[in-house]
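Under this note's numbering, the sequence shown has 19 at position 39, and the numbering climbs by one with no breaks.
Don't take each hint at face value.
[To be verified] The list that follows gives simulated cross-link-like pairs (lysine-lysine, DSS-like), each with its CA atoms no further than 27 Å apart:
#	residue 1	residue 2
1	Lys364	Lys35
2	Lys250	Lys151
3	Lys151	Lys137
4	Lys364	Lys151
5	Lys137	Lys316
6	Lys316	Lys35
Just so you know, these hints were derived from the structure itself, not from any lab.
Everything numeric in this text was worked out from a predicted model, so none of it was measured.
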Amino acid sequence: MARMISIPSAAMIALAAFAMPHANAIDLQAAYRLAQGGDPTFEAARYALEAGREKLPQARSGVLPTINLNGNGGRQNGQANFAGSPYQDRNVNSWAWNLQLSQPVVRVANWIGVAQAGAQVEQAEAQFAQAESDLILRTAQAYFDVLTARDSVTVAKAQLRAVEQQRVLAKRRYDVGEATITDVYEAQSRHDLGRSQLVQALNDQDSRQAELERLIGILPEPLAGIRADVTLPAPEPADVSAWVGNARENNPAVRTQLAAVEVAEKEVAKNRAAHLPTLDFTAGYGRNYTSGSMTSPADIENRVKSGTIGLQLTIPIYQGGAVNSRVSEAIANRYKSRAELEAARRQAATQARQAFGGVTSGLSQVEALTSAVTSSLDSVNANKIGYRIGTRVNIDVLNAEQQLFAAQRDLARARYDTILQGLRLKSAAGTLSEADVVAVNALLTEDASQTTPAVPAMPAASNATQLPKVRTQ
């Protein structure tokens, strides 16, 4: 049973979602489909697959018959004299055509080439599967990067509003003698810092949106966000060795290298077959016609029909050592492909382990941060009450608010990272598909009131005048 992590309902009640327009919002599935049609890298991979599939019909042509039709025609003009007679104009007209057929009967290298082409097609398909997986990861990464940046803007704005309220409150309390000028300076300092952080967050948001726009072709405004009540699943199966085993065999990069090894094996066999005799069936039929003569005073007309049929045997004896050299080269490339296969398997296994660990640790982090948000909210409320009655100073409230906003931001990031790690885990195992995009998409909502990060409602600054005065000794 997969371990599920969700936000407690008590914390959800305490959290109010940040405002975001949601009419006609783009979700992850829509972004992925836009990327499928608009990403140049993926488009190049699609054409590479089409080109790779042509290897097989090209190889099959080596074992199929070839038919050629040749023809020519001409006219020869000249002058000739015969037995002392005056020179006479002479013409010779001619034409000919010939139909030839050749069918390989024994060509071992060509048949090996057909099998090799099949492996090349498998290689092209595995490479395209890798491109599909990469597109999903790139789209999800860009999508959640935008959400992260927008969350940072939302939190920065909320923090700035909260600091402003606290600054106004500190100023009013200072004016009536209930606070020190230090409280005012601290609030003003936090306010200035908050403005700087908001500018930085807005710049980062523009950059992230531009990256997603480059990928999907349109300005992503607005985006569906993660539901506040979302439940993130743990890896299934929960055994990392199972994921590693799948990655070592089914990872697209591994499948690409498996096909590359097969191509290299066939290349060795094909070059060795160059030592073997070849046998071809040949047949031909032709006609030619000639009229006139340059050597006789009388015009001569010839019509000839001809047909041939036979077998052509070719036995390689010596080709300057080129065949042996090509065999040695192919053997070296075979060992190279095997080494690259092992490297791909190790890389896939490492990716699976890292992603599995990322998901499991991410789930724990989400759980911890969910509690941290609830605790931080309680801390903010407690510090505000303490500030009103004089048991807390202004800096305590500001620090508590900053801690709350940081916890909210970190919770949202932890969720995004955990989802991305889950996609990376499936990519490493070679099982990532659009169905996984649909599954992640189900975690999103266009309703801004149901998304995270949540920003708690802060008391209005105007309420500051209603606070009870604290008598100082």
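Each hint tested on the structure:
1. Lys364 with Lys35: violated (73 Å)
2. Lys250 with Lys151: Violated, at about 87 Å.
3. Lys151 with Lys137: holds (21 Å)
4. Lys364 with Lys151: holds (15 Å)
5. Lys137 with Lys316: Violated. Lys137 to Lys316 sits at ~56 Å, over the 27 Å cutoff.
6. Lys316 with Lys35: holds (22 Å)
Comparing the model with each earlier hint shows violations of hints 1, 2, 5; every other hint is respected.
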